[in-house]
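Going down the list, the protein sequences come from chains S and E. Under numbering that gives the first Met the number 0, residues 0 to 97 are what the first sequence spells out, in order. Under numbering that gives the first Met the number 0, residues 0 to 665 are what the second sequence spells out, in order.
The set of hints was computed from the structure by calculation and includes no laboratory data. Every residue gets a Cβ at the ideal spot worked out from N, C-alpha and C, and that includes glycine.
Pairs of lysine to any residue residues, derived as SDA-like cross-links and limited to a Cα-Cα distance of at most 25 angstroms, are as follows:
#	chain 1	residue 1	chain 2	residue 2
1	E	K197	S	Q36
2	S	K38	E	K197
3	E	K197	S	A29
4	E	K197	S	C84
5	S	K75	E	H187
Sample of chain E residues lacking proximity to chain S, with all beta carbon distances greater than 12 angstroms (derived):
#	residue
6	E33
7	P80
8	R99
9	S294
10	T311
11	H396
12	R418
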Amino acid sequence: MIELKIGKKGYQLVLEGKLGFDQLPALLEAAQQIEAQPKPTTVEWGSLQSLHYACLQTLIALGKSLEASGQPIAFKEPSPDLYDCLNRYGIWQAVLQS
Amino acid sequence: MENLVHLFYDEAYEMLEGMEQVLLSLEERGHDPETVNALFRYAHSFKGNSAAMGFTQLSRFTHGLESAMESLRREGRPLTPELATLLLQAVDLIRALLERTRTEGDVGDPACDLLLSQIQAVLSGAPTPHDSNTLPPSFAQSETSAERAARRYRVVYHPAPTLSPEHDPLALLRELEEYAQFIHCRFHHQIPPLNALKPDACYGHWELTVETAFEPAILRAVLELSAEGATVQIEEESAPSPTSLSAPDRSQTASDSDQGAPVRTVQAVSAPVKSESQSIRVATEKVDALFNLVSEIVIAQSMLSSAQAETTHERLRYAITQMERHVRELHERVMAIRLLPIGHLFNRFPRMVRDTAHQLGKKVNLIIEGEETELDRTLLELLSDPLTHLVRNAIDHGIEPPEERRACGKPETGTLLLRAAQSEGRIYIEVSDDGRGIDPERIRQKAIQLGWLSENEQPSLETLYDFIFRPGFSTAQQVSDLSGRGVGMEVVKRNVEQLGGAVSIYSAIGQGTRFTLKVPLTLAIMDGLGLRVDEEQYIVPLTAVLEAFRLSDLSRSAPFERGEIVNVRGRFIPLIRLRHIIGLPDKGESELVLILEQEGQQIALAVDSIVGQQQVVLKSLEENFLRVPGFAGATILGDGRVALILDVAELFRLTQHREPISRSAA
Chain S
0 MIELKIGKKG YQLVLEGKLG FDQLPALLEA AQQIEAQPKP TTVEWGSLQS
50 LHYACLQTLI ALGKSLEASG QPIAFKEPSP DLYDCLNRYG IWQAVLQS
Chain E
0 MENLVHLFYD EAYEMLEGME QVLLSLEERG HDPETVNALF RYAHSFKGNS
50 AAMGFTQLSR FTHGLESAME SLRREGRPLT PELATLLLQA VDLIRALLER
100 TRTEGDVGDP ACDLLLSQIQ AVLSGAPTPH DSNTLPPSFA QSETSAERAA
150 RRYRVVYHPA PTLSPEHDPL ALLRELEEYA QFIHCRFHHQ IPPLNALKPD
200 ACYGHWELTV ETAFEPAILR AVLELSAEGA TVQIEEESAP SPTSLSAPDR
250 SQTASDSDQG APVRTVQAVS APVKSESQSI RVATEKVDAL FNLVSEIVIA
300 QSMLSSAQAE TTHERLRYAI TQMERHVREL HERVMAIRLL PIGHLFNRFP
350 RMVRDTAHQL GKKVNLIIEG EETELDRTLL ELLSDPLTHL VRNAIDHGIE
400 PPEERRACGK PETGTLLLRA AQSEGRIYIE VSDDGRGIDP ERIRQKAIQL
450 GWLSENEQPS LETLYDFIFR PGFSTAQQVS DLSGRGVGME VVKRNVEQLG
500 GAVSIYSAIG QGTRFTLKVP LTLAIMDGLG LRVDEEQYIV PLTAVLEAFR
550 LSDLSRSAPF ERGEIVNVRG RFIPLIRLRH IIGLPDKGES ELVLILEQEG
600 QQIALAVDSI VGQQQVVLKS LEENFLRVPG FAGATILGDG RVALILDVAE
650 LFRLTQHREP ISRSAA
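Start from the sequences, fold in the hints, and give me the full structure.
Here's what the structure looks like:
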């Protein structure tokens, strides 16, 4: 599930369950919405079990876009399984650096 | 998602067919590393695809098989008949489970565990547990704990450039972890900001250090097979690990501290980068819809062409001529899409021949030739039943048991030949064996017994062979589940004739039998010759037309009561008049005669005039109206009128039997 909560001070992008390639368009749309009006953004993915690599790239790309706009992005603590996967495959560092 | 499901099932059945062929090849030719690798790859891909679809039970079973195949590959052991039979049974079981997944979802079967335990017992040399239902230890556990030292490799993995639902590098890395323990994994990327991101492009690659007892080819297969265009470089690090690798331990912390050991290249080969796939999978419904549309365009083009004569507008005439050319090419290209190699059909026979021969205690060597011959997909499906009957009959009735063959001075192993070839716009398919041959006297006796002949009648060989195709005819002593019910050969003839084809038999006692099926290349569009009788136009397939004469230029006679013959350059050819067939009186001497040829035989067909050559779309009379004897179908002409298409095979039969064909429907 992808939910974009829009607050006065920023966005909260909530990701839950499993994000497959089929969910990429929805994620992309949410990311583009953030990119169009950049604000501080928090990614909540504590209930996200797994995600397709294409979704991960989109999140990193969003982080780069926000960085270019001078807005911060914060990736909250992922679920243990997801963290384990991202860490084992060397991606966690890339996420933190985005 | 629906498309993905279709794709999964299409690929799954192809893989099962591939596994079956590879197993049969291994059983026949003995151990061959490449073939065993192919078998392993099939099982591996099947496992991955099943898991991706959520069919965990299917995936688990194929994982066990994959492990068994890995054991074959690693130890280079031959595929014994016992093991081949078990593995083929496993393929059957997967096929059955696959079918059940359509309605029952993630379904399993207790037979899977039993079969795996039997396979494992054969591999380990233990007695086969035929009656055990206990869950065998996992193959993966048993094989990977083999006392083989794990080796350390450096792997550089560049995923395929395009991501898709099926191509997820993270999923592939997870799969790789089933075969190798990750010591170190580094991710490199050039992911751009969102406005420059191409969402399905892959911007990352990985450098890994792994330890595994599996060979590098396995690691490569895991990463490369699921996505075309991926590249994998694998180098072995020279310091071997002192430990033997069991199931990889994912809990072990990844570490960078193991780097620095000297590296030597084991396999620097990487798959060629292909930026796009060489082929795409298209649903047959879409191809059929396209083909129907082209058929309608051909009709519309035909209408335009007939209107072309009525205009003096030069540019319009030129455009119509151009369009005619392009429509013809379009038709040919769409036709080519529908053509499939007959190997698709032939490939199911090695398994059937093996099982049938085993069942009957016979030895049969199947030879397949011309499997690359292409024909229309629809024809391919319709030929399946006739060929199955012929092949089964050849093994059941034709090829003798080994002891009988020995006694006749023949090799113990009989030969069954399946051959296909294309000639003059038709496909010829032969099913021949070197068995007993067909005994004409036995057929005659059976026909007498069935009341089809009197005791004293001595019909021609051709007539006797025709009895074989009659419903209820069988010379088999016993009815088995293979043959002997006297329905098979009737199906053969009926199906082939429905395709506009013909079946012929050649047989010699003690030497063997050959059935030849002749079918058109396609059922849908053909080149025809327009003929006129009074105001009506008819079409005859152009492939059957040899030449044309004015009837008055030929000498003719009626020496026998059965009809006229014409003398064409010294050849006496039976004459048949289209006017008679459709119930019209003769017109006099102004008629034209077409010489038609089929299977080396010729007949002369008298018509009023020839309209010209044209491409016609064959429409079924039976589907749209009802079957009309003497006519293979109908077509819509350029002026919108309907023309009947002559059934050439029936014209030949008519000249042989000289029975008038009624205009009314049968």
